[in-house]
Amino acid sequence: QKEVEQNSGPLSVPEGAIASLNCTYSDRGSQSFFWYRQYSGKSPELIMFIYSNGDKEDGRFTAQLNKASQYVSLLIRDSQPSDSATYLCAVGSSGGSYIPTFGRGTSLIVHP
Amino acid sequence: GAGVSQSPSNKVTEKGKDVELRCDPISGHTALYWYRQSLGQGLEFLIYFQGNSAPDKSGLPSDRFSAERTGGSVSTLTIQRTQQEDSAVYLCASRPTGGDTQYFGPGTRLTVL
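One line per chain: the protein sequences are A and X, in this order. In the numbering used here, each residue's number is its place in the first sequence (first place is 1) plus 12. In the numbering used here, each residue's number is its place in the second sequence (first place is 1) plus 17.
Rather than coming from a laboratory, the hints here were simulated on the basis of the structure. A few of these clues could be false.
In silico DSBU-like links for lysine-lysine, alpha-carbon gap of 30 angstroms or less [what the hints assert, rightly or not]:
| no. | chain 1 | residue 1 | chain 2 | residue 2 |
| --- | --- | --- | --- | --- |
| 1 | X | Lys-28 | A | Lys-54 |
| 2 | A | Lys-54 | X | Lys-32 |
| 3 | X | Lys-74 | A | Lys-14 |
| 4 | X | Lys-74 | A | Lys-54 |
| 5 | A | Lys-54 | X | Lys-34 |
| 6 | A | Lys-68 | A | Lys-14 |
All figures in this text were calculated on a predicted structure; none of them were measured in a lab.
The following block holds chain X by itself, in its conformation from the complex (with noise of 0.2 angstroms):
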């Protein structure tokens, strides 16, 4: 079956520009996260969707950074006047309900010049 899908793959934008980055997740999955992995760096944890509940924004770094899911699928990640340590690739990935197992997408890197 299809798996976790993300788009861009590759964006490159300018200091200060806005750029929102889509996730598509499996089909069925209620849980969705986003995190972002630093060139050699481990993962770190932005934001987690789980149904219609409140989302976890507890990895957030910013108010420039937010996300929206709708229709309890499609999922959107926003960073307003983007910085250049704003790089990295945004790893989207989804969960099956009752399973603890992520799934990830391809990702999309982000540079910012």
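Excised from the complex, chain A in its bound form (with noise of 0.2 angstroms):
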């Protein structure tokens, strides 16, 4: 069974600071890799996705994948109280399918 973790939280950070979020999988053949950011009562919306091991930034955005430890990860620079939010890991199925694995989310708050 394809299992994608996530620490549930809460991640308290400061505002200003670095917020780094972490996420493993355990389907070794998965090939992308997705954060969605989900406010409270509200549908997820896509932040980052990514395919290939290394670093792919977007703004204060930064997500980075090891796939040999199966790992990936979404760091966000400058918080802002605004990011405080859930923050789901998805991983894209191997061999075809469309169907990604959800984690269950890592709920982040900024304070000022």
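Can you join these two chains into the complex? Each is in its own frame, and there are hints to help.
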């Protein structure tokens, strides 16, 4: 059974700090990796996706992928209170099936 | 452009009643997913439609749950004889052909009394 694990948190960081969110996955053949942000009472929205090992940067967000360690992370630089939300990691399955597996999410709190 | 829409936004029903939830995907998106999210929980996959292929129903929790997708566009998720444990937010997502990014609708919050 494919699993995606995230620390449920909450992760609390001060405004301006770097928030680091982590995710591990069990399916070694996974090819695509996504980070979604979900505000309370709202639906998930895509922040980042990454396919290759290494770092991918988009504004204040950086996704990091290490397929050998089956580990993907999301760094948020200069964290803002508006970043407070639950962050969901999703892993695209291998073998041509387009049904991603979602983690349970990590709650991030950025305090002023 | 228009995103994924879902209706109703909220549905309160009595135990034992049937409910229908509607999803209107982004125009041109051939893939459509239904998920369920209970309070404080992650996303539970329910069913996946891709074009005209037979849907992947592997996530449906019981035979009380069914879904249709008419004309490759609008989808309806039906829950028969609702139970209190069916209370959750039901999310629909669509995905374009050749892409693997899903776009979520606002969800339907179902409460079974």
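Honestly, which of those hints from before does the structure not fit? The structure conflicts with no hint, since it agrees with every one listed earlier.
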